[in-house]
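Chemist: Sequence:
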Amino acid sequence: MSFFSTTELFSPAQQELDAKIFNNVSRINSMLSVCQDKCFSQSEGYLNKGEALCVDRCVEKFFKVAKLFEEKTQKKMDEMQSLYEQTNPSADATTNATVDDELLVSGSADKSIIIWGQRDGKWKKLYELKGHESGVVAVGVPGVVAGDFIVCTADSTNKVKVWEMRNMEIINTETIDLSPHHSMALAIHYLPGTTIPLILSGGTNMKVQVFIRKEARFENVLNIAGHTDWIRSIKIATFTSTHGSENYGFNNGDLMVASASQDKYIRIWRISKVVSGNTEVESSNITSEMLDAMNEMNLNEGDSQLSTKAYMVDVTYKNESNKYTFMLDAILMGHDDWVFALNWETPIMKSIDGKEVLHQPMSIVSASADKTLILWCPDKHSDTWIPMNRLGEIGGSTLGFYGAKFSNDGKQLFSNGYGGSIHIWEYSDKTSLPWNPAVGISGHFQSVEDCSWDPTGSFLISTSLDQTSRVFAPWNQETTTWHEIARTQIHGYNLHCLAFTKKYQYVSGADEKVLRVFDAPKTFAQTLESLTGIKESEDMMNERPVGANLPALGLSNKAVFAGEAPQASTDARLSAYTAEVITSTLAQHLTKPPFEEHLLQHTLWPEMEKLYGHVFEIISVAASKDGSLVASSSKAAKAEHATIRLWSTKGWTEITTPLAFHSLTVTAIKFSNCSNFVLTAGRDRGWALFDISEVKNGGTWKLVQAEPKAHSRIIWTTCFSHDDKLFATGSRDKTLKIWRKTGGKWAALETLKFEESVTAVDFYYALEDGSAAFQVEGAVDADGKSKSIWDTFAHLPGKIYNNDSPDIADDEYHLYAETVNLLKASGANSYRFSISWPRLVPGGFAGSPVNQLGVDHYNNIINLLLQNNITPLVTLYHWDLPQSLEDAYGGLLNSDKLSKDFSYYADAAFAAFGDRVKHWLTFNEPTSSCVLGYATGEHAPGHCTDRTKCAQGNGLLDVVQCMHSILVSHGEAVKVFRQKYQPTQKGMISIAPNVEYAVPLDPNSVIDKFFTELKLDLTFNWWFEAAFNGYYPKAISDFLGPLMPQLNDYLKNLLKGSVDFVAINHYTSCYVTAPWASVPSDPSNPFNNIPIWKQLYQKNGQPIGDHAESPWLYDVPWGFGELLKYVQAKYNDPLIIVTENGWSVKGENQMQLTDAISDLSRVQYYKGYIDSMNQVMEENKVRVIGYFGWALLDNFEWATGYSNRFGITHVDFATQNRTLKASAYYLANYFTNANYV
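First residue of the sequence shown: 1, per full-length UniProt numbering; consecutive thereafter.
Any given hint might turn out to be false.
As the list claims (entries may be wrong) - Pairs of lysine-lysine, DSSO-like flavour, derived with a Cα cap of 27 Å:
| id | residue 1 | residue 2 |
| --- | --- | --- |
| 1 | K1056 | K1099 |
| 2 | K125 | K207 |
| 3 | K350 | K411 |
| 4 | K610 | K592 |
| 5 | K411 | K430 |
| 6 | K709 | K734 |
| 7 | K430 | K380 |
| 8 | K264 | K207 |
| 9 | K918 | K1009 |
| 10 | K318 | K502 |
| 11 | K161 | K318 |
| 12 | K125 | K111 |
| 13 | K638 | K625 |
| 14 | K122 | K159 |
| 15 | K725 | K635 |
| 16 | K799 | K1146 |
| 17 | K122 | K111 |
| 18 | K949 | K1009 |
| 19 | K264 | K824 |
| 20 | K124 | K111 |
| 21 | K787 | K635 |
| 22 | K1056 | K918 |
| 23 | K1146 | K1130 |
| 24 | K1125 | K1056 |
| 25 | K350 | K318 |
| 26 | K725 | K745 |
| 27 | K1125 | K1099 |
| 28 | K1034 | K1130 |
| 29 | K625 | K650 |
| 30 | K1181 | K986 |
| 31 | K696 | K734 |
| 32 | K725 | K1181 |
| 33 | K741 | K753 |
| 34 | K503 | K650 |
| 35 | K725 | K753 |
| 36 | K625 | K696 |
| 37 | K897 | K980 |
| 38 | K1130 | K1009 |
Keep in mind the hints are simulated off the structure, nothing from the lab.
Produce the entire structure from the sequences given, and follow the hints as far as they go.
Modeler: If you want it as structure tokens, here you go:
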């Protein structure tokens, strides 16, 4: 058993240093907020190769455990797990683990100690230890447990507690009183060659106190003097002798103790087992030169600072009796300021005399307030310790290092600085310098007050009480990671708020009366382009200053232009000796994320304007969506100061009288998405809504409505929904209220209760579009793609309307970048597309090579989408089965072989794209695929029972076998996803059937109701009954009888729980009656060939809705709402994503372009369906989390060729010219800028 610990020590600034964590919705591999103090100090033991562990503290009071790993050639930090328990977690983290890292011990200022254990790859709380009367400041754990389980902890009231396992409970077995001093460092180990525990404590008494277990208690056997100031770190390692180690003066198994102190020195002590009667042992490493040096510094034996004699201790415990010597072995002098931390190099497995042993390398790394790390090693030809390497910074603005740690292979060094940043150095024998800096981790070290995405979603800026504003952006390589890439503002006041007015411009407010406007320099835009691939025009780049300087004693970042940059850069190199410039610009852009030293000095944004007008300190600022207006508020104790000032961004002037209603500080300001309204809230517990639509034209504002006592405590946050139909307010009273306009007045629609104050809220809504690979890609045989069943079927004469060819379609294979531009123009924030199986795995079969050109193509699409803040949802199978599988074993009719081949293909897709794709669909419209492909013969592979049309087919028997094969294949693919990828990639997965909502033709007929449910069972519940519960619907099983495939126990377990959300493709609704009913069935019904029921789109001569070009499609918005409620009720309120919904305009294919793009019937269709969806979301709380229109582009619509157009973009298939239709602009307006206030 092994474990590592986290403990709290005094911070170097003697203050709480809090941090906040930011998470990208899709993936953040780098922790943006890091720990304070000795994050990486380590006792004996080692972690898995290539890994290191760290614990940091944040304002939400939780731990982040981070794992450093190497993936290909790039090293990244990856968040593993958050451990939420302690209310005031520690600032210092020490780690100690063996190969099997099983336990973690954390101590906190809330007086508790928690022991965490790994179970199934997750950290879980095993024990919570209470007993300290003050905050825990140090924890000691043994590197390797040689005896009973034991942990020691120290608090700030001079107590050290010993915790041991008794009858499967961990209890406090002893309390040691250190009065009047207290411990700042603890180490626990076992005396050489025994199971006798030893505790070493160092702290304010400046002595290493030695406690050894004698009988049932620990006895203070020695207090070793030497240090002249507080001891900050103690680490123990076990010496292992090797060939050539004779000069070190240690015996195999000796304990090596290193202690670091604020007296600037490190002392090496040796604990040895006495093997003879010699009790006067001289220290071998104290040379005459060292004695002379110590005497020159007035450190002499008379002051008990230097002892060259060994202390001997008799120890008897559990029938073990031995003598041990404790003696000083060496003093390491090299630091010029307090030494905060040290660590031995991590032990490694090494072959010594033919045996694999855990070997302790003779290396120490130390961290000091003098801004350096020193790597110490004994000289190879003597027993003298020498500083082999000194790392850090000369001059500059950093304030020293507070932790130091080796990686497990000794090839990396880690340290954390005053502001919480983690510094990394990597060893290389191929460069002129052995240790070179690598990209580290940085983030805020006090509470984050505000954050905002730039309007394009390319990067994020946050502002904090640490008096900085920081930019976080992705570094797009093989795997995308997030990093701090600029520190735009380093201020002298606490920063509270910020708001973007356009992509490279924002306004911030602080504990001062002035608003400051910042504009990005050219070097920042170039760096962003280098890291993310987002390009800007040369004109935009050239008009910007190169960077910014912050003059000494100044608060304003001064713009630096090209001619001035070299002088500023020169000054920066002399920053330790000149007061002209304290931070200077970086003359060149960066190709990788900057180091902390660069962030502190070279990445400021120029300050372009100051806005004066407020009487007190700024509290809140907001900008309108169109970027034309800025609103701000300040602290206020009475109504005359509790106003909101409006500023025009054109001339940066105040344009109207302040908005007035509140009586105390306005804490939150939000513009509506249409930019015509301003919502405010404040300390007076009320909110106010102002109409500012006339202000820009010289008019005045109007107070639309106010709610003086909307909450019982201060309101911290507000926001509008995407369509301005709703807004939310969050308060210290632990409630979130949703408000909606009803009867001309805004009223509370819902009140949500939370366990803590609500401090931030925003609405999320997804407008999305979709496409299928076969329908849009073209490039039928390009770059290694093989034939699909549709490539074969579409070239059979008469199978496709007008014999249209899919070989080019939308040429999406080559024009995908243009598609992304269309997505942005249509307001989409997500895009659903499918991967072509025969393009990714051309052979089709399990074990076939993966086509790298196919991987590259889809990687390009995914990366471009993400760069434009568009989330991909990927379908694995959209009907293009490799023809080779159809030829070999009948394709979809062979469940055993299909499931094996499909799961292999899915595995390849997850491996290639899953680090960025977080939403997956296994199969699209499987029922339609089976019915149209195996019953009617209208789709590939073209099977039916009519031998005048089809060469083969068994009708309903083939349909149910096809559906069964797809379901099993879905289960096997999800099994691969769950076991291999979801634990690390996260993400969600489902299957997407097409479902028409069905109602009984006669609502009072039991028979019609039965067949209505039968239709829903076969088309929809077949998939989700199995996916949620592990069985087929009973009604359809009973009805089909012997035709029904069976699910054995393996398949039931495989399928149960195999979806993370319900995906729905929905277009229309219908009436259903019995198959023998006298009414004629609709000729467009594909189930006519397997007459299980009759399906109709009219009743008593009246159509169910307006008719589209597609014969089966009618506009029935109420059916959509009813379907969503049906799913909610049947599957226990699941998450729902509408994965397809769309309309084909009558006669559109024959229209001229000007008429085709005026697709008003499609606009009407979308409006009705989206309104119906919104209604059930609001009234019935149906949990729709995404909506995809079908389709983005006019495309190849299967058997109907190009005659049916579903796109919101018109495509001229002859020229590939693309033109947005009215429906595209309607949807963009609906989801982003609609005014419903």
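Chemist: Against the 27 Å threshold, does the CA-CA distance of K625 and K696 hold or violate the hint?
Modeler: holds (14 Å)
Chemist: Does the alpha-carbon distance linking K1056 and K918 stay inside the 27 Å limit?
Modeler: holds (21 Å)
Chemist: Holds or violated: K350 and K318, Cα atoms, limit 27 Å.
Modeler: With Cα atoms ~32 Å apart, K350 and K318 exceed 27 Å; violated.
Chemist: Please work out if K1146 and K1130 have their alpha carbons no farther apart than 27 Å.
Modeler: violated (35 Å)
Chemist: Holds or violated: are the alpha carbons of K799 and K1146 at most 27 Å from each other?
Modeler: holds (22 Å)
Chemist: Mind checking the alpha carbons of K411 and K430 for me, to see if they're no more than 27 Å apart?
Modeler: This hinted pair holds, its Cα atoms lying about 13 Å apart.
Chemist: Can the restraint linking K696 and K734 be considered satisfied, given a maximum Cα separation of 27 Å?
Modeler: Distance ~37 Å between K696 and K734 Cα, so the pair is violated.
Chemist: Are the Cα positions of K503 and K650 separated by 27 Å at most?
Modeler: holds (15 Å)
Chemist: Could you grab the alpha-carbon distance between K638 and K625 and see if it respects the 27 Å cut-off?
Modeler: Not OK: K638 and K625 at ~30 Å, beyond 27 Å, violated.
Chemist: For the pair supplied as a hint, K122 and K159, confirm whether the alpha-carbon distance does not exceed 27 Å.
Modeler: violated (33 Å)
Chemist: Does K787 pair with K635 here, judged by a C-alpha cut-off of 27 Å?
Modeler: violated (69 Å)
Chemist: Is the straight-line distance between the alpha-carbon of K1125 and that of K1099 27 Å or less?
Modeler: holds (23 Å)
In summary, the numbered hints that this structure violates are 1, 2, 4, 9, 10, 13, 14, 15, 18, 19, 21, 23, 25, 31.
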